[in-house]
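*Asks:* Sequence:
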Amino acid sequence: MADESRPTNGEPENTDATAAPAEPANTTPAAAPAGAGATESTESTESTDSAASTGANDVTDPAATPATSTDAGATTAAGAAAAAAADAGADSGAAAKRAARPRRTRRPAKPAKRPASGSRRAVATGARVATGVVVVALGAAVVGAAFVLPLPTVTAAPASETVDPAPAEEVRACPGPLVRLSDESGQDATAISGVGTAQTSEAASTPDAAIDVSALLSPDDRTSTGDSAPLRIALPADEAAAGDTLFAAAQSQNVAEGDLVGLATAACGEASADSWLVAGSTTVGRTSFVVLGNPGDVPAVVDLALYGEQGSIDAPGASNIDVPARSTRILSLAGLAPDLASPVLHVTAEVGAVTAALQQSVVRGLAPGGVELAGATAAASTEQVVAGIRVSGTSSIAEQVGSPETADLQSVLRMLVPGTDPASVTIRVSEERTGGTETEYQVGLTPGVVTEFPLQDIPDGLYSVTIDSDQPVVAGARTSTIVNGKTDFAWYQPVEQLDSPFFVTIADAPGARLHLVNESEGDADVVFAKTDGAESTGTFVPGARSLSLEPGSYLVTSSVPVGATVSYFGDGVLSSYSIARPGPEATPITVYP
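Residue numbers for the sequence shown follow the UniProt record's numbering, beginning at 1 and rising by one.
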C-alpha cells in the first residue's frame, strides 16, 4: 500500500492515500365550463318558447265548435229511416188513396248536417303540440341541469397485484484472447485469429458462493476453442437473490508474438444497451477490433455510430449487427472506417444488450508499439475524472515524437461532444500525491468532432485529469512508455462513483495499483478485505490517490462513495481498466389486469 496511506500491507509508492402503483384515473365525466352550459341551456329555452307559441296558434276553442262527428252521424241515420218508412206507406196505400185524394208532391228530405271533423282534428293536434311543448321544456331543463349541476364523483381502486421478478443470475462477459488479422501462418490478412490465451480471475464476496464459468462462441475467430474462447462469468440466481453477494472478474494477457507485444488487461463487464468506446486508430500500422459480447440468452442487434477528427462517419456495415446469444462478435474497425486517427464509437443495442471493448495494437515500421484492450467508457457527462494515468519514459518519448509514425507516442486526452452545441471545457491535470502540481487548461470543443488535447510537458508520475464542461462529453486518455527498448501504451476511462461496498478483482499482472477518486469534501475511510482473509485499511483525502495491491479480489468498504481504476506498470508494459457501476437490481413491479 502507498507509503502515505499507512496501510497494513501493500507496496509503497509516492501517493497520498493514508492507507409504487399508478393512482387510478377519476372516472367522473368532465363537466363543461359554466359558460358553455349556460349557452346551451338558453338555446333550449328559446326553442321551447317557439314550440309553445306555435301550438297555441293551432288550438281551436272547444266552446265555439259545432256538434261533433258522432252527433251528426246519429241525426243522419234517423232522417234516413223516416224517409224510408214514408216511402213504404205511400207505396202500399197509393192505389186506394189515389182515387180518393188528389196526388201530393213528396217533400224532399233535409240534407244532413256536415260533421265538424276538422275542428276535432284541430283540438287533437293542439293537444299533442301542447304535450310536446311540455316534454321539450322538461328535456331542456334536464339538459341544462346536466351542464350546470355537479355530477357525483365515482372512483374505484383498480385491481392490482405486486409481483416480485423471478431471481435471475448475474452475468459478466470477458473479451477473450487478443486477436490479429491473419491465420496462424500469418498469410490470410482477411481472417481473424486468436493469439494465445487470456488469464481470467473471478471471485465472489461470499467465499462459498458458486460461480459458473463457461465459454462464449466466437464465430469470427477461426482458431477459437473452448480453452481459448471468451468467457461467460455468472453468479447463479439463488446466490444473486440473496442480495448480499457481490462478484467480479478480470482478465490479463502479456503477449510477445509477432507484431503483438505488450500487456492488455480488462474487466469482465456487464452487458448494456448503450455504451461508448473512446480508443483505437485505423491509420497505417494501427489495427483496431471492436469486440461485442452477448452473455445473455437473447440475441442482440447492435448499431455502431462512428465519430472521428472530421466529424460523424457514415460507415456501411455498422448497423444491424447480429450478436447471437452467448457469443462474441469481433469486427475490424478498419473495415468500417479506414484511415481514422482518433475514433469514438457509440454502441447501441436495438435488441438485447452487449458488452463492448476495443483492442488496439501498434506497429511502427517493423517495431511493435504495444497492445491494449480498452473497455467501455463512462456515459456522457459535464464532469469526468480519469485517474491512474501513468506517464513514464518522457525523455525517450520526446526523442522520438515528431514524425507522423511516432506522433501517437504523445500522451493525449481524447474528447467528444455528442450533442449539437459547442462546449467550453476546463481541464485540470493533477498529480496523485500530496503537494503535487496541478495545471489548468481551457479548450473549446466542436460538437460531433473528436478532439485530442496533448498532455505535454508533464514529468514522469501518476496523474488524474478532471474535465469540467458546459456540455456533456465522453472522454478517454492514452499514454505510452518506453523502457529498455520496449514500448507499450494504455487507454484510461473515466471513473464512475461506486456505492459502498463494492467488489473488485485485480488481474494477475505486474505493478498493480488501485486508484480511488474521492469527490467529497472530507476524507474517505476505506477497508480492503481480500477473499483470502487478509484485511487492510487506508484514509484517502479528497482527490485521486492510489495504493499497491496484490492480485486477487477485494471487498472494498468506504465511508463515502468513490470511483475506482486499476492500473498496471512494469518493465515496458502498461495497462489499465476502470471499475464500472453495477446495473440496477430487479425491483417488485405492480401489475394491472
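Hints are computed from structural coordinates only; laboratory data are not their basis.
Just to be clear, a hint being listed does not mean it is correct.
[As the list claims (entries may be wrong)] Simulated pairs of lysine to aspartate or glutamate, DMTMM-like, Cα-Cα distance not exceeding 25 Å:
| hint | residue 1 | residue 2 |
| --- | --- | --- |
| 1 | 530 | 188 |
| 2 | 530 | 550 |
| 3 | 530 | 212 |
| 4 | 530 | 270 |
| 5 | 530 | 496 |
[As the list claims (entries may be wrong)] Each pair of labels, with its calculated beta carbon distance range:
| hint | residue 1 | residue 2 | range |
| --- | --- | --- | --- |
| 6 | 196 | 442 | 25 to 31 Å |
| 7 | 551 | 500 | 45 to 51 Å |
| 8 | 298 | 500 | 29 to 35 Å |
| 9 | 468 | 284 | 32 to 38 Å |
Note that the structure is a prediction, hence the values are computed from the model and not measured.
Ideal Cβ placement from N, Cα and C applies to all residues, glycine included.
*Asks:* Taking the hints in turn, state whether each one holds.
*Replies:* Results of checking the hints against the structure:
For the proposed pair residue 530 and residue 188, the alpha carbon gap of about 46 Å is over 25 Å, so the pair is violated. Note on residue 530 and residue 550: the hinted pairing holds, with a Cα-Cα distance of about 10 Å set against a maximum of 25 Å. A hinted pair counts as satisfied when its Cα atoms are at most 25 Å apart, and residue 530 with residue 212 qualifies at roughly 21 Å. Only pairs whose Cα atoms come within 25 Å are accepted, and residue 530 paired with residue 270 is accepted, the gap being roughly 22 Å.
The straight-line distance between the Cα atoms of residue 530 and residue 496 is roughly 22 Å, inside the 25 Å bound, and the hint therefore holds. Look at residue 196 against residue 442: about 45 Å separates their beta carbons, and that is not inside 25 to 31 Å. As the Cβ distance of residue 551 to residue 500 is approximately 23 Å, the hint placing it in 45 to 51 Å is violated. A C-beta distance of roughly 32 Å is found between residue 298 and residue 500, which places it inside the suggested range of 29 to 35 Å.
For the pair residue 468 and residue 284, the beta carbons lie near 36 Å from each other, so the given range of 32 to 38 Å is met.
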